[in-house]
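Undergrad: Sequence:
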Amino acid sequence: MTYIKRLIQILLFVYLLIVVLLTFTQVVFRNFGISISGYDEIIGIAAIWSYFLGMAHTTLTDSHIKGGLDELIKNETVKNILGNISNLGLLIFSMIALMASIDIFITAFTHDYRSLYFNIPITLSASALVVGFGLNILFIVARRIYKK
0 MTYIKRLIQI
10 LLFVYLLIVV
20 LLTFTQVVFR
30 NFGISISGYD
40 EIIGIAAIWS
50 YFLGMAHTTL
60 TDSHIKGGLD
70 ELIKNETVKN
80 ILGNISNLGL
90 LIFSMIALMA
100 SIDIFITAFT
110 HDYRSLYFNI
120 PITLSASALV
130 VGFGLNILFI
140 VARRIYKK
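For the sequence shown, counting from 1, position 31 maps to 30 in numbering that gives the first Met the number 0; every step adds exactly one.
Treat the hints as calculated values from the structure; they're not laboratory data. Since this is a predicted model, take the numbers as computed values, not measurements. A portion of the hints provided could be inaccurate.
As the list claims (entries may be wrong) - Label-pair ranges, simulated between beta-carbon atoms: (1) F92 with G37: 32 to 38 Å; (2) F28 with R5: 30 to 36 Å; (3) L15 with H63: 30 to 36 Å.
Cβ atoms here follow ideal geometry from the backbone N, Cα and C, with glycine treated the same way.
Turn these sequences into a full structure, and let the hints steer you where they fit.
TA: Structural data, given as structure tokens:
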């Protein structure tokens, strides 16, 4: 899992760097009266990938926002029960979302949907959902198996 974790961290860095650099470039160019058409398509793809890889990374590292409940609940049994309920809910949601993501991907692929300016296949964005939720499920199950 450490190789997967490292790969996700590198991809997150690259995608977020793309978002920052393209946004910065657009702001600078606007000050000179120059408009870059279609840059938002690339930013959108990088942002979608960073969001869904970030979700998977959060699940892998078990760093979801807990709202301070860990510190409020002192009883370990209650903590474990709530953690299991939370993981089950996350697993069910991720499975439903994965099925919907696969449907979106198949629709985009069969209709050959493309972006307006650069003609980028929408499947590139849709695959981020499939990969993100697929990894999320893998990491939830793996954490449950290897926890014991």
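Undergrad: Next, verify each hint and record whether it holds.
TA: To see whether the hints hold, each was checked on the structure:
Judged by the Cβ atoms, the range 32 to 38 Å given for F92 and G37 holds: they are separated by roughly 33 Å. Our hint of 30 to 36 Å for F28 and R5 holds, since their Cβ atoms are close to 34 Å apart. Take L15 and H63: their Cβ atoms lie about 20 Å apart, and the range 30 to 36 Å is violated.
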